[in-house]
Amino acid sequence: MAPLVGREGTLSVLGGHLDAAARGAGGCVVVEGPLGIGRSRLLQATAREGAERGLTVVSGRAGANGGTPAGGGTPAHRGVAGGGGQPLPVHLLLNYLRRVLSADVDVDDLVRPDGNPFRLMDQVGELVEIAARRHPVVVLLDDVHLVDDLGGLALRGLVQSLAESPVLWLLTRRSVAARSLAQHAVDRLIDGAAVRLHLGALDNEAVAELCTGLLGAKPDSSVLDWAARCGGNPWLLASVFDALVTAGRVVFVDGTAAALGERLPDDVLGVVRGLLDELPAAVGRLLVAGAGVGAEFTAAQAAAALGGHGDAAGAPVAGVDEAVRTGLLQRHGEELAFAHGVIAEALRHPDFRRPEPAAAALPAAAPAPAGTAEAVRDGHREQPYPVPPEDSPAAPQRPGCGCTGLVAASVAALAERSDAAPRTLARALRLLAGAGRTAEAARLAEVAVRAGVDVPDVPDATADPARPVTRLPSPAAGRPDGTVAAHCEVCARPLWTWLVRALVAADAFEEATAVCDAVRQEAGRRGGPWAAGLWHGHRAELMAAAGRLEEARAEAGTALGLADRTPPEDLLPARLVLARISMHCGDLATASQQLRMAERPAGAAAAAAQPRLDWALAQFHAASGRAAMTVRSLLDAEQGAAPEPLLFAEAPTAAATLVRLAGQTGLGEEAAQAAGFARRLAAANPEVTSLAAGAAHADGVLHDDLDALRRAAELYRLAGRPLAAAGALEDAARGNGAGDGAARLLAAAADLYLECGAQRDTARVQRKLRRLGVPHARAALGTQKPKSGWESLTGAELRVVRAVVDGRTNREAAGELFLSPHTVDSHLRRVFAKLDINSRVELTKQFLAHEAAAPGGPAASRQLAAAGPEPRLSSVRE
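Here the working numbering is used: the first residue of the sequence shown is 10, the next is one more, and so on.
Don't read these hints as lab results, they were simulated from the structure. Any given hint could be a false lead.
What the hints assert, rightly or not - Simulated pairs of lysine-lysine, DSS-like, Cα-Cα distance not exceeding 27 Å:
1. Lys843 to Lys854
2. Lys854 to Lys777
3. Lys796 to Lys854
Could you put together the complete structure from these sequences and hints?
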């Protein structure tokens with residue numbers, strides 16, 4: 010094992026944090042750096058120092074899907090969540106509690122296979138807060154960039170909730186694009202509560218010291234020349250010298266080590282192959298293509314070397330940003346250069362590209378011809394480096410498709426943003442296939458594979474004989490001039506529209522936005538006509554799903570403004586979005602007009618939009634007071650009629666709405682049928698949060714289960730669907746009687762409706778609040794609130810303020826207000842910023858001052874009324 014050198018300053022900083030933890034202070038430190046820079050070694054050294062100081066140390070390592078503790082499992086176990094399926098941070102703290110708590114406290118009683126992970130997180134946090142007072146703990150978590158979504162959320166929540174306890178978190182991660190939910194949560198944590206330490210390349214003095222440690226002798230100039238080719242990366246340097254020693258090319262004379270020859274040892278080729286195995290496929294292709302150009306190259310040169318794989322000439326090359334983030338490439342303007350000369354040498358070595366079986370060079374859908382390109386295994390699948398050009402004999406020609414290039418550019422953009430792109434795409438396309446669109450999902454998966462992103466476990470299109478299967482060409486194929494047709498002559502609908510729909514249904518809003526942006530950029534780059542109206546319509550659908558109704562209305566309006574040069578079928582998404590927004594805002598006349606226009610187009614385009622049209626028409630019946638017609642238009646238990654599964658996938662609240670209306674009209678079988686649809690869809694797609702929310706929502710309405718409805722509201726929030734969360738809160742209030750609990754739920758729902766711009770829904774909930782004698786503080790839509798001061802506080806923030814002044818901890822306030830502790834913490838931070846205060850004592854003083862002024866000020870009285878019941882001031886604590 011290579012000695013740890015050149016990190017004395019970082020170790021000193023970490024030692025200071027360990028000393029502070031021993032004195033009862035907590036905190037969070039994140040060590041960041043590229044591949045092989047020594048993050049894990051540094052963490053191991055810190056663990057030893059912590060143990061020497063008498064601290065309790067627990068450690069773990071995230072794997073490809075969340076990770077088990079590094080010391081607690083075989084390689085076969087890596088990549089799964091912590092023991093029992095808990096998020097990794099929770100798993101580590103459970104191990105700590107098992108060690109330090111008395112025997113009469115059974116920690117395992119907390120863990121239930123079907124339990125709420127966020128409730129478990131809160132319970133574990135409370136126990137750790139108590140135990141750490143006697144046994145300060147250091148939690149070491151390696152490779153946080155690989156933590157899964159639930160683990161990332163748990164990590165952020167636990168670090169924040171234990172910030173005032175003697176719990177020191179030491180995390181390591183590689184620089185990644187914060188596109189996944191997990192990395193977004195980790196980034197928020199780091200920005201708000203962590204000390205960041207960066208590990209860079211070793212300097213010359215440290216490199217010489219490392220060479221001495223590795224070889225056991227002082228290095229001469231030949232050894233240092235080899236070390237320089239490793240770019241100061243300790244893992245790579247150790248690997249190269251191990252290969253040199255194994256090859257018998259290191260000699261020792263008079264206590265000095267010398268390296269013989271300049272040729273790269275064969276074992277280094279294996280090391281670099283292993284490195285490529287750990288990288289996204291797009292990065293591997295880029296590195297191989299770039300090495301073929303030279304030590305320095307441009308993205309355009311790499312694209313030319315790739316010979317048309319997944320990208321048209323001149324299109325952006327996937328993997329550039331990721332390669333720079335991992336430290337393998339350095340960017341100098343438009344020039345890219347290898348950070349480690351030895352890697353470039355290995356990639357150019359004539360023995361590097363091993364011949365692989367011919368079948369590995371092409372997707373399984375097409376038999377591989379003889380003489381296919383040489384291939385190297387990458388981290389996701391067998392795929393050739395580099396891919397043969399489309400016009401080469403090794404690549405069969407396929408029917409032309411005018412929209413494939415847009416999808417390829419979109420997938421490349423996703424791969425640039427995050428190494429989680431394969432997992433996100435797989436989640437979305439599995440949902441699309443399971444919702445009855447197997448052919449579209451399979452075609453999208455094929456384009457993704459050809460663009461360098463593997464999408465596992467997506468059913469093959471041939472499994473759906475009712476739909477034609479179109480094999481896909483290169484992006485430029487099908488249109489000799491390389492321009493983009495406004496309508497693809499092969500696909501019933503442009504393929505990119507299905508990608509956007511799948512990502513939105515899977516709650517991947519940022520990824521769907523990136524796809525829309527990439528489609529527009531690629532279409533503009535290629536020139537020629539394209540479906541601009543259709544694009545704006547799908548953008549509107551994306552924004553509406555995220556609760557951004559005003560932005561969605563504007564996008565839909567832009568699409569309709571292009572009606573004179575847009576085919577009617579391309580305006581269907583915009584018309585349906587505008588109809589639904591109009592219903593949320595109480596404008597049934599506009600909704601009716603748009604729905605009439607949407608029913609006119611026919612053919613394949615109309616069939617693609619049919620599930621959305623069916624749901625919009627059902628919503629219109631409901632808004633018009635025709636509950637039975639709403640249900641009967643979609644469900645009929647006697648006839649066995651049911652809508653496409655895609656309807657429930659794209660509208661996760663549909664099942665709960667149908668259950669509610671069916672219950673009101675005595676259609677019990679239809680209510681059970683709708684809940685069953687939601688339940689099965691969620692079970693088939695366990696990674697899609699909004700579908701789990703939809704199933705809980707429908708079951709909660711069906712069985713009057715308040716806990717299920719609260720859970721649904723929280724899951725909708727986590728999925729980024731505030732409008733749906735408001736609906737679940739409103740349903741929960743129906744089953745909570747007429748007391749304070751119902752008022753709090755309705756007020757929370759009103760806040761969400763108001764923030765989304767759903768005027769009709771806001772007014773409906775405000776009427777319910779008035780009937781309970783609790784007017785809503787934000788009754789006037791569009792009122793301009795001040796940016797700071799007491800009047801700037803929202804109703805949601807005021808409810809948190811009242812709970813805090815009432816003496817509740819953040820966790821207690823979260824339970825009372827049906828929020829997560831993270832949400833309460835976020836509200837309090839905003840309150841402190843708006844009021845320019847930094848303690849709960851100051852918050853209490855401000856509350857008392859404004860409460861005393863409330864009788865004389867109508868605005869203040871409205872705010873306090875919305876905040877909930879009077880506090881018990883005797884129990885206020887800081």
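To see whether the hints hold, each was checked on the structure:
Of the pairs offered as hints, the one joining Lys843 and Lys854 holds, with about 15 Å between alpha carbons and a cut-off of 27 Å not exceeded. Restraint check: the Cα-Cα separation between Lys854 and Lys777 comes to about 32 Å, which exceeds 27 Å; the hinted pair is violated. Taking the CA atoms of Lys796 and Lys854, the gap is near 20 Å; set against the 27 Å cutoff, the hint holds.
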